[in-house]
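Protein sequence lines correspond, in order, to chains A, B and C.
Per the working numbering, residue 1 is the first one in the first sequence, and the count goes up by one each step.
Per the working numbering, residue 1 is the first one in the second sequence, and the count goes up by one each step.
Per the working numbering, residue 1 is the first one in the third sequence, and the count goes up by one each step.
Derived from the structure by calculation, the hints contain no laboratory data.
The beta carbon of each residue, even a glycine, is placed where N, CA and C say it ideally should be.
Check each hint, because a few of them may be wrong.
To be verified - No more than 16 Å apart at the CA atoms, straight line, and that leaves these computed lysine to aspartate or glutamate pairs for EDC-like: (1) Lys185/C <-> Asp104/B; (2) Lys82/B <-> Asp104/B; (3) Lys59/A <-> Glu270/A; (4) Lys148/B <-> Asp127/B; (5) Lys281/C <-> Asp117/B.
Stated by the list, open to error - To give an idea of the interface, some chain A residues facing chain C are shown, with a C-beta separation under 8 Å as derived from the structure: (6) Leu89; (7) Gly106; (8) Ala148; (9) Asp150.
Claimed, not checked - Which bits of chain B does chain C cover? Going by a derived footprint, with three or more residues having C-beta under 8 Å, they are: (10) 95–109; (11) 115–127; (12) 132–143.
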Amino acid sequence: MLGIASMKAKAGLARAVVACVVVLLVTGCGGGAGGQGDGGTMTIAYQPGIGYAQLLIMKQEGWLEEDLPETEIGWEQLSSGAAIRDGMLAGDIQVGAGGVGPFLVGYSGGVEWKLLSGLNEMDLWLMVVDEQYQNLSDFGDGSIAMPAPDSIQAVVLRRGAEEQLGDARALDSNIVALAHPDGLQALVSGQIAGHLTSPPFQFQEQDEGARPILRSFDLFGPHTFNSVFVLQDYHDDNPEQMEALYSNIQRAVELIEDDPGQAAEILSAESGGETSAEEFEGFMTREGVTYTTNPREFLAFAQFMQQIELIERVPESCEEIVFDNLSADQC
Amino acid sequence: MASISDNPDVGPFRGTSKEEREESGRAKSRGRRLLAAEHLKIGYEVDGELQIAVEDVSFEVWPNEKVMVIGPSGCGKSTILKTIAGFLQPVGGSISIAGRDSLDPGPDRAVVFQEFDQLFPWRTVIDNVVYPLRVVGRGKDEAAATAKDYLEMMGLSHAAERFPHQLSGGMKQRVAISRALALDPLMLLMDEPFGALDALTRQRLQMELNDIAEKTQVTILFVTHSIQEALVLGERIVVLGQAPSRVEEVVDVSATSKDPEDEEFIEVQQHLRSLLGVEDKGEEANHAGTE
Amino acid sequence: MPAQSKSSAASASPTPKVGALRSLRWYRLPVWVRRSILLAVIILIWQLYVTVMDVNPLLFSSPADVAVAFFEGWVRGDLASATLITLQILGLGMVAGMVVASVLTILATWSKVGEDVLILLTSMINPLPAIAILPLAILWFGLSSTALIFVLANAVIWPIAINVSMGFRTVPPTIMMVGRNLGLKGWKMVKDVLMPAALPHTISGLKTGWAFGWRTIIAAELVFGVAGGGGGLGFFINDSRYFLRTPDVFAGLVTIALIGIAFDMLFNWIERRTVIRWGMKSET
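Isolated chain A, as found in the complex (with noise of 0.2 Å):
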């Protein structure tokens, strides 16, 4: 009974094995470190806010697809830092724009990227609404939001907790992972005690009656809150396109600083007419908002990450992390 029906599903198995071999070892050769982008293809991955707004500009105006003719400019938003990375890791994404944390977590876990410019220092601010709350030690069960743990508010909450409690971790049960919109919604809401969020999100909660009782450049000075990094490989196999990157972001800065207006109207186009010109201006001209292609206070961070344990590789220098269009003086 077994024997003439079991030689025809054996060979039915033979086939199907030989087709997952087949599938594994495609896949296992496309995977992998995503060393070069296919060819003629650059997809650049973003997040919302106007922590991105050259990348918005040069999208909007569409100023590298006018350098690159022979490119395939891609744009995507993502909504976490994490997201961005593993897009990269699996070879969907060659560039990529987000906060400090993600970018060292990256590096410490040995993902071989670097910077190729920063875009921006911002002041960030645990905002609060309720009179109670003056400093970190007020907060009890209260919760207090960040967008991700890997963030680079997670870790300034933590330095601030060491500043002003004594241990980097007091306050660690207190936090809870939202979106910046959703966290903007909570506070108002009186759902949360406290949110620790970036620009305009901040600046939208001061309107709302909230006030900023932890900045971090008063804890690390001024610092970059965004930037962009590529992969290594990546990298060096397209100088052409590093080039043009580069230099439009840079050609973006310029425009936002000598005619603020015009590159606010630019990103109310972009927006699809959902934030005002003014808005965006307003947003963008408000203090501790600096656009500029410097990095500033990697090793830092990376310095304190490591001693509350959350990432355990540190770049030594600034060679270990920047390009070399970028100065290793300061990072």
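Starting from the structure of chain A, add chains B and C where the hints point.
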């Protein structure tokens, strides 16, 4: 396979004689009619309309009697039994049990159903007999001892710890009978209890039931569609007509021979056949073959 | 001729080893042996794939790395406390769900209106993935485990209620009559007859409810993301992913799978001791 024990030293009635039991049985019911059904009218609601199954049925059951109810299919014999048991309410007429009129279901009229799944599958055989005893208020030890006795009498001691699904159909029905008897009911209501069994087992159980009835002097009201069965088991046979049914005749067979070869038996059998009409002929053919 | 007699002589005095090998068939081995062998083969292929294809460890961990991460996770206590937290919340959610399911079932059994309500609610709410309800739950109950328990209870109520009420409705009418014959009524009837009779369906409902609940709590934790101190398994995996601890992600997944298997075995054991033993359900 062991069946009902003839050994007088076994079972709940050890040490008593048949006469003694007869006496106590009658004393228990003070010589009154156990059951009086008067002009019973029973109906079902089907699609909003009342369908009458039983039009006008009256009969009596006296203590220690074995009364059979027989009739064509659909004549409402099961319905009557269920009404007496208290599961249904009659539309008209009255029923009184040992002088009482109100009829809630209760263990004084213990029922043995046709279906094998009348036993609780989650209880062992002995537990199926113990549990009802506990429900009616017997103590733990008393219930256990009583259950053991009845199982012994029915020849089921070896299966006491088994679960119903491990038993054959015949054994399941024996357990159901034990359970009903153990409750020491006023009367045993039996709704075609052997109907789902094969012919051989059916015959054996009929004989066992006769033995039990003699031993325990229990009163039995038995519904069947088989003339043969009615003649073998019964003392009086209530013959119903077609639905909406009435009592065609009540045949007294207490003095009739139980031997199917006997002329007397055959005569009554023919009479019953004619009362019931052609429907039963095919039935009889089956039974004639197995006699 | 001599060759023939030789071979016949050989088969006349059988060599045990050859005979045993010849009779070694896959289907003759006991279940656990077959499963273990297959599992070992899968792990071997997995390890070979990772090693030979030189897969980026940040993308895909080898079984060796996962085993180490798993072991360390338990020793450190992270995995243990995360698992415990998740199981606790799941437990509370299931209890809440069972209570509501009981009420709905009782109503459905005692009245036609109740039955209609139950069927209507189930057909409307059951298809909603519990995760979709999470934002609402957070709005109502804030960022607390109450929101999680609410979402869980919701995932669990419907399969349990539907199954148990079906169990009650399909109790054989004969058994019900036996109960009535004994004079049983009301609560006693429910406790002594309906509930045991409905046990196969009840267990089935609990199994399904647990499966939904387990998947829901993990997913909800991933989305809900309590950070810092004290999160469940879903949070453990999420956090590991953020910090590029890929072996930990896999270790978390392995834990989830193991617990799933453990509970399946628990339910099977319960069934074997009850409904299968009583012949109320056939062994699959």
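Q) Under a C-beta cut-off of less than 8 Å, do 3 or more residues of the stretch 95–109 of chain B approach chain C closely enough to confirm the stated coverage? A) holds (count 5)
Given pair status - aspartate 117/B, lysine 281/C, alpha carbons within 16 Å: holds, 14 Å
(Q) Hint validation: aspartate 150/A versus chain C, beta carbon distance must be below 8 Å. Holds or violated? (A) Constraint on aspartate 150/A satisfied, holds at 4 Å.
Exercise. Holds or violated: lysine 148/B with aspartate 127/B, Cα cutoff 16 Å?
Worked result: holds, 10 Å
>> Holds or violated: the hint that glycine 106/A contacts chain C, with Cβ atoms closer than 8 Å.
In response: At 6 Å from the nearest chain C Cβ, glycine 106/A passes the 8 Å test, so the hint holds.
(message) Next item in the hint list is alanine 148/A. Is there a CB on chain C closer than 8 Å to its CB?
(response) holds, 6 Å
Practice problem: Mind checking the alpha carbons of lysine 82/B and aspartate 104/B for me, to see if they're no more than 16 Å apart? | Solution: OK: lysine 82/B and aspartate 104/B at ~11 Å, within 16 Å.
Given leucine 89/A as an interface hint, is its Cβ closer than 8 Å to any Cβ of chain C? Where the cut-off is 8 Å and the nearest Cβ of chain C is about 6 Å from leucine 89/A, the hint holds.
- Item | Given coverage of the stretch 115–127 of chain B by chain C, tested with a Cβ cutoff of 8 Å and a minimum of 3 residues | As far as the stretch 115–127 of chain B goes, the hint holds, because 6 residues have Cβ atoms under 8 Å from chain C.
query: Does the stretch 132–143 of chain B contain three or more residues whose Cβ lies closer than 8 Å to a Cβ of chain C?
result: With 3 residues closer than 8 Å to chain C, the stretch 132–143 of chain B meets the three-residue bar; holds.
Margin query: Can you confirm whether the C-alpha distance between lysine 59/A and glutamate 270/A stays at or below 16 Å?
Written below: Measuring from Cα to Cα gives roughly 8 Å; hence the hint holds.
Next pair to validate is lysine 185/C with aspartate 104/B; report whether the Cα-Cα distance is within 16 Å.
holds, 11 Å
The structure shown violates none of the earlier numbered hints.
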